[in-house]
Amino acid sequence: MTQANKKRRVDLYALTWRLPIIVWQFLFFVGPLVFLIAMSFFVVKNYRMVETFELASWERILSRDYFWSSYLYTFGMATFATVLATMLAFPASFALAFKVSANTRRWAMFFLIVPFFTSYLVKTFSWYVILAKTGVVNSLFGYLGLGPYTLLNTWIGTMVGFMTLVLPLLVLLQTLSLSQVDKNLIEAAHNLGSGRFRTIFNVIVPSAKIGLIVGALFCFILSFGDFVSPYYLGGSTPQTLSILIIDTTKSGNQWPRAAVVAICMMVTLFVIAFTSIVFAYRKPKS
Amino acid sequence: MVNPDRPLVQFKNVVKRFGNFVALKSTDLDIHEGEFVALMGPSGCGKTTTLRLLAGLEKPSEGEITLGGKLMNDVKAHERETPLVWQSLALFPFMNARENVEFGLKMRGFNADVRREKAIDWLERLGMEEFIERDVSQLSGGQRQRVALARALVTEPKILLLDEPLSALDAHLVIRMQGVLSKLQRELGITFVYVTHSQSEAFAMADRVVIMGDGEVMQIGTAREIYRTPKNRFVAEFVGRNNIISGTVTSAHTDTLIVNTACGDFTVSKPDDLVFKQNDPITFSVSADLVTIDVDRPETDNVVQCNLISEEFVGSVVTLFLEAADGTELKVQVQEKELQKINPKADIPYYISWPTLSAHVLDANLPG
Numbered sequence: 001m002t003q004a005n006k007k008r009r010v011d012l013y014a015l016t017w018r019l020p021i022i023v024w025q026f027l028f029f030v031g032p033l034v035f036l037i038a039m040s041f042f043v044v045k046n047y048r049m050v051e052t053f054e055l056a057s058w059e060r061i062l063s064r065d066y067f068w069s070s071y072l073y074t075f076g077m078a079t080f081a082t083v084l085a086t087m088l089a090f091p092a093s094f095a096l097a098f099k100v101s102a103n104t105r106r107w108a109m110f111f112l113i114v115p116f117f118t119s120y121l122v123k124t125f126s127w128y129v130i131l132a133k134t135g136v137v138n139s140l141f142g143y144l145g146l147g148p149y150t151l152l153n154t155w156i157g158t159m160v161g162f163m164t165l166v167l168p169l170l171v172l173l174q175t176l177s178l179s180q181v182d183k184n185l186i187e188a189a190h191n192l193g194s195g196r197f198r199t200i201f202n203v204i205v206p207s208a209k210i211g212l213i214v215g216a217l218f219c220f221i222l223s224f225g226d227f228v229s230p231y232y233l234g235g236s237t238p239q240t241l242s243i244l245i246i247d248t249t250k251s252g253n254q255w256p257r258a259a260v261v262a263i264c265m266m267v268t269l270f271v272i273a274f275t276s277i278v279f280a281y282r283k284p285k286s
Numbered sequence: 001m002v003n004p005d006r007p008l009v010q011f012k013n014v015v016k017r018f019g020n021f022v023a024l025k026s027t028d029l030d031i032h033e034g035e036f037v038a039l040m041g042p043s044g045c046g047k048t049t050t051l052r053l054l055a056g057l058e059k060p061s062e063g064e065i066t067l068g069g070k071l072m073n074d075v076k077a078h079e080r081e082t083p084l085v086w087q088s089l090a091l092f093p094f095m096n097a098r099e100n101v102e103f104g105l106k107m108r109g110f111n112a113d114v115r116r117e118k119a120i121d122w123l124e125r126l127g128m129e130e131f132i133e134r135d136v137s138q139l140s141g142g143q144r145q146r147v148a149l150a151r152a153l154v155t156e157p158k159i160l161l162l163d164e165p166l167s168a169l170d171a172h173l174v175i176r177m178q179g180v181l182s183k184l185q186r187e188l189g190i191t192f193v194y195v196t197h198s199q200s201e202a203f204a205m206a207d208r209v210v211i212m213g214d215g216e217v218m219q220i221g222t223a224r225e226i227y228r229t230p231k232n233r234f235v236a237e238f239v240g241r242n243n244i245i246s247g248t249v250t251s252a253h254t255d256t257l258i259v260n261t262a263c264g265d266f267t268v269s270k271p272d273d274l275v276f277k278q279n280d281p282i283t284f285s286v287s288a289d290l291v292t293i294d295v296d297r298p299e300t301d302n303v304v305q306c307n308l309i310s311e312e313f314v315g316s317v318v319t320l321f322l323e324a325a326d327g328t329e330l331k332v333q334v335q336e337k338e339l340q341k342i343n344p345k346a347d348i349p350y351y352i353s354w355p356t357l358s359a360h361v362l363d364a365n366l367p368g
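Chains A and B, in that order, are what the protein sequence lines are. Under the working numbering, think of the first position of the first sequence as 1, with each following residue one higher. Under the working numbering, think of the first position of the second sequence as 1, with each following residue one higher.
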């Protein structure tokens with residue numbers, strides 16, 4: 001058997017195993033995506049979609065201030081959620097990776113997975129009880145003679161929802177990547193005169209860079225596209241892009257305009273994801 | 001360069017426990033300025049723990065460690081000037097060669113220009129001028145070794161700690177790096193503390209060798225002292241190839257003792273520091289390279305008749321393993337070219353013998 005023949009056989013074997021996921025992706029990702037792009041050029045006449053190729057929806061959406069303010073708000077909230085979650089998660093992940101016993105770490109990992117047992121929607125509704133005017137938080141403030149504060153239907157409510165969504169996942173991802181950091185490198189840094197705190201930034205963060213960035217990327221993607229928190233806890237004001245999509249489809253059956261918003265979101269996420277991954281794997285050049 | 005009056009490092013009754021495990025039993029150790037000391041022993045003997053205690057990576061459970069006269073027990077690792085070259089080298093993979101070398105200087109607040117200049121100087125000194133901006137992952141084992149050395153030495157320490165730094169290198173590179181290290185230590189005149197399990201590395205480089213076993217210092221001395229006059233059974237077994245024979249003293253003369261053992265009566269020189277009376281148990285060692293093997297019985301003292309069991313050929317030297325009538329195992333090292341005269345065969349009796357001065361009495365009261 002020649003080398004070429006052998007190689008082809010191996011490829012066929014590998015392809016057989018890959019086939020299901022390739023078929024799946026074509027049917028349920030590439031297909032709908034192509035349809036979504038096509039739909040953004042359709043027009044709606046008398047509440048009915050007409051298959052055509054016009055730029056009307058694009059022109060309409062991209063020229064409206066409400067789209068851009070919603071875009072900025074969504075982007076800003078997702079960015080803030082990413083920064084906040086990363087900062088909140090890091091000390092916990094650091095402690096789990098370096099300061100506790102292997103047994104404690106195992107249990108912590110287990111309890112970080114538990115939140116995923118219940119639906120995100122259920123968790124979101126339980127925040128109602130906590131954040132409402134007469135809820136747990138305001139009662140506590142009441143004892144201190146403060147409040148009541150409006151927490152629901154504000155950006156604070158949305159942010160609380162985002163944290164609920166991303167923190168367990170982020171701590172999990174960060175802990176896994178921090179535990180991979182070579183302990184010798186940490187000791188080497190101490191040995192060369194780097195104190196504990198400096199070593200975190202000198203050695204630990206650069207060593208775990210890929211995992212930390214991927215974690216942050218997940219935060220951004222989940223918060224940017226989330227519908228539940230801004231809708232139920234944020235009260236849809238200001239509107240995020242995901243809420244805008246729903247509203248657009250409801251009002252006058254404007255699926256093409258909704259498709260334009262969706263494509264804008266996907267392009268944004270694509271650019272963010274791509275640059276993050278490039279940055280994560282980039283070799284530092286000095 | 002060795003200045004015996006001024007110990008740079010002193011361990012006083014230092015004990016290190018990890019939970020119930022005692023890694024280092026009460027240890028006293030002086031290391032002098034400008035000295036190349038090798039800590040040598042099998043794995044788990046406490047040599048790396050000793051080094052880590054010195055670097056502040058472990059805290060002593062008991063006792064005192066001083067460096068340059070200053071008590072170090074509570075000084076944190078990053079506040080010490082005790083750079084260590086790691087077995088794994090522990091170079092920072094996200095930095096290039098120069099940035100790795102600059103790290104210690106950066107932590108000490110040197111400005112960028114000074115850092116760069118010093119780092120480049122050191123890399124050039126170690127023959128790395130072509131690889132200054134090279135990524136660590138693109139360097140060979142020997143080159144990484146040099147980066148690790150430069151990184152440790154760039155802060156101009158008084159002492160350098162090395163934890164089996166050559167154990168990951170190819171045999172021919174080990175020899176070359178031994179030369180580099182010896183030369184460097186002589187030129188800098190600073191103290192090197194070198195942990196190794198390799199006798200050849202320790203003996204080739206060190207001014208003094210510290211043999212450790214089971215969490216204790218077994219013997220301290222020059223390579224020759226340790227090789228020729230092992231203090232106790234542990235050292236005799238760990239270092240070199242020694243025949244270790246036990247028996248009882250049958251009579252004591254002015255300079256010699258007559259020892260009765262299972263494989264015969266032998267004459268040994270009276271040790272200076274130990275007293276033996278009649279019927280005392282005694283153990284002595286004879287280095288395998290000081291033993292002679294003959295086909296005909298020689299007319300001397302200290303002769304054992306035995307049979308050849310096996311031979312081990314490692315190049316110019318061959319070790320023959322023999323067995324006396326009572327089952328005592330004996331070893332002889334001979335030059336390969338000499339071996340041809342004997343023409344070893346398993347089925348004929350051989351006579352092995354050694355001069356009385358070659359037998360060295362071990363101290364049975366010492367641990368090991």
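Accuracy of the hints is not assured; some may be wrong.
[Claimed, not checked] Computed footprint of chain A on chain B; a stretch qualifies when at least three of its residues, placed anywhere within it, have a C-beta under 8 angstroms from a C-beta of chain A: (1) 81 to 87; (2) 100 to 107.
[Stated by the list, open to error] List of simulated lysine to any residue pairs, SDA-like, C-alpha gap at most 20 angstroms: (3) B:Lys231 x B:Pro281; (4) B:Lys76 x A:Val278; (5) A:Lys283 x B:Lys12; (6) B:Lys76 x A:Asn184; (7) B:Lys106 x A:Thr199; (8) A:Lys45 x A:Ala56; (9) B:Lys76 x A:Phe201; (10) B:Lys277 x B:Thr292; (11) A:Lys283 x B:Ile132; (12) B:Lys76 x A:Ile204; (13) B:Lys106 x A:Gly195; (14) A:Lys45 x A:Glu59; (15) A:Lys45 x A:Gly211; (16) A:Lys209 x A:Gly145; (17) A:Lys209 x B:Asp28; (18) A:Lys183 x B:Val180; (19) A:Lys99 x B:Glu58; (20) A:Lys183 x B:Leu89; (21) B:Lys106 x A:Ser207; (22) B:Lys231 x B:Asp28; (23) A:Lys250 x A:Met265; (24) A:Lys183 x B:Lys25; (25) A:Lys283 x A:Gly195; (26) A:Lys99 x B:Ile132; (27) A:Lys283 x B:Arg134; (28) A:Lys183 x B:Lys76; (29) B:Lys70 x B:Pro60; (30) B:Lys183 x B:Asp121.
Simulated from the structure, these hints should not be mistaken for lab results. All values reported here derive from a predicted model rather than from experimental measurement. Ideal Cβ positions, reconstructed from N, Cα and C, are used throughout, including at glycine.
Results of checking the hints against the structure:
With 4 residues bearing a CB less than 8 angstroms from a CB of chain A, the region 81 to 87 of chain B meets the requirement of three and the coverage assertion stands. A count of 3 residues in the region 100 to 107 of chain B with a Cβ less than 8 angstroms from any Cβ of chain A is obtained; the coverage claim is therefore met, three being the minimum. Under the criterion of a C-alpha separation no larger than 20 angstroms, the hint pairing B:Lys231 with B:Pro281 is consistent with the structure, at around 16 angstroms. For the suggested pair B:Lys76 and A:Val278, the alpha carbons sit about 38 angstroms apart, so the restraint of at most 20 angstroms is broken.
At roughly 47 angstroms between alpha-carbon atoms, A:Lys283 and B:Lys12 are farther apart than 20 angstroms, so this suggested pair is violated. Taken as a hint, the B:Lys76 and A:Asn184 pair is honoured in the structure, with Cα atoms around 17 angstroms apart against an allowance of 20 angstroms. Between the alpha carbons of B:Lys106 and A:Thr199 the distance comes to roughly 12 angstroms, so the proposed pair stays at or under 20 angstroms and holds. As the CA atoms of A:Lys45 and A:Ala56 are separated by approximately 12 angstroms, the hinted pair is consistent with the 20 angstroms bound.
Of the pairs offered as hints, the one joining B:Lys76 and A:Phe201 holds, with about 19 angstroms between alpha carbons and a cut-off of 20 angstroms not exceeded. With a C-alpha separation of about 29 angstroms, the suggested pairing of B:Lys277 with B:Thr292 is violated against the 20 angstroms cut-off. The hinted pair formed by A:Lys283 and B:Ile132 meets the criterion: a straight-line CA distance of about 16 angstroms does not exceed 20 angstroms. A distance of roughly 19 angstroms separates the Cα atoms of B:Lys76 and A:Ile204; the hinted pair therefore holds under the 20 angstroms criterion.
The suggested pairing of B:Lys106 with A:Gly195 holds, with an alpha-carbon distance near 12 angstroms, which does not exceed 20 angstroms. Note on A:Lys45 and A:Glu59: the hinted pairing holds, with a Cα-Cα distance of about 17 angstroms set against a maximum of 20 angstroms. Annotation: proposed proximity of A:Lys45 to A:Gly211 is violated, straight-line Cα distance about 49 angstroms (limit 20 angstroms). Of the supplied pair hints, the one linking A:Lys209 and A:Gly145 is violated, its CA atoms being roughly 44 angstroms apart against a limit of 20 angstroms.
With a C-alpha separation of about 44 angstroms, the suggested pairing of A:Lys209 with B:Asp28 is violated against the 20 angstroms cut-off. As the CA atoms of A:Lys183 and B:Val180 are separated by approximately 28 angstroms, the hinted pair breaks the 20 angstroms bound. Restraint check for A:Lys99 and B:Glu58: the C-alpha separation of about 16 angstroms stays at or below 20 angstroms, so the hint holds. For the proposed pair A:Lys183 and B:Leu89, the alpha carbon gap of about 12 angstroms is at most 20 angstroms, so the pair holds.
Annotation: proposed proximity of B:Lys106 to A:Ser207 holds, straight-line Cα distance about 18 angstroms (limit 20 angstroms). In summary, the hint linking B:Lys231 to B:Asp28 is supported, as the alpha carbons are separated by about 17 angstroms, within the 20 angstroms threshold. Between A:Lys250 and A:Met265 the CA atoms are separated by roughly 19 angstroms; this keeps the pair inside 20 angstroms, and the hint holds. Pair hint A:Lys183 plus B:Lys25 does not hold up; C-alpha atoms about 26 angstroms apart against a cutoff of 20 angstroms.
Between A:Lys283 and A:Gly195, the direct Cα distance comes to roughly 25 angstroms. Violation of the 20 angstroms bound is thereby established for this hinted pair. At most 20 angstroms may separate the alpha-carbon atoms for a hinted pair to count; A:Lys99 and B:Ile132 exceed this at roughly 36 angstroms. Taking the CA atoms of A:Lys283 and B:Arg134, the gap is near 12 angstroms; set against the 20 angstroms cutoff, the hint holds. Annotation: proposed proximity of A:Lys183 to B:Lys76 holds, straight-line Cα distance about 17 angstroms (limit 20 angstroms).
Between B:Lys70 and B:Pro60 the CA atoms are separated by roughly 15 angstroms; this keeps the pair inside 20 angstroms, and the hint holds. Our distance criterion of 20 angstroms between C-alpha atoms is met by B:Lys183 and B:Asp121, whose separation comes to about 17 angstroms.
Against the hints set out earlier in the document, violations occur for numbers 4, 5, 10, 15, 16, 17, 18, 24, 25 and 26.
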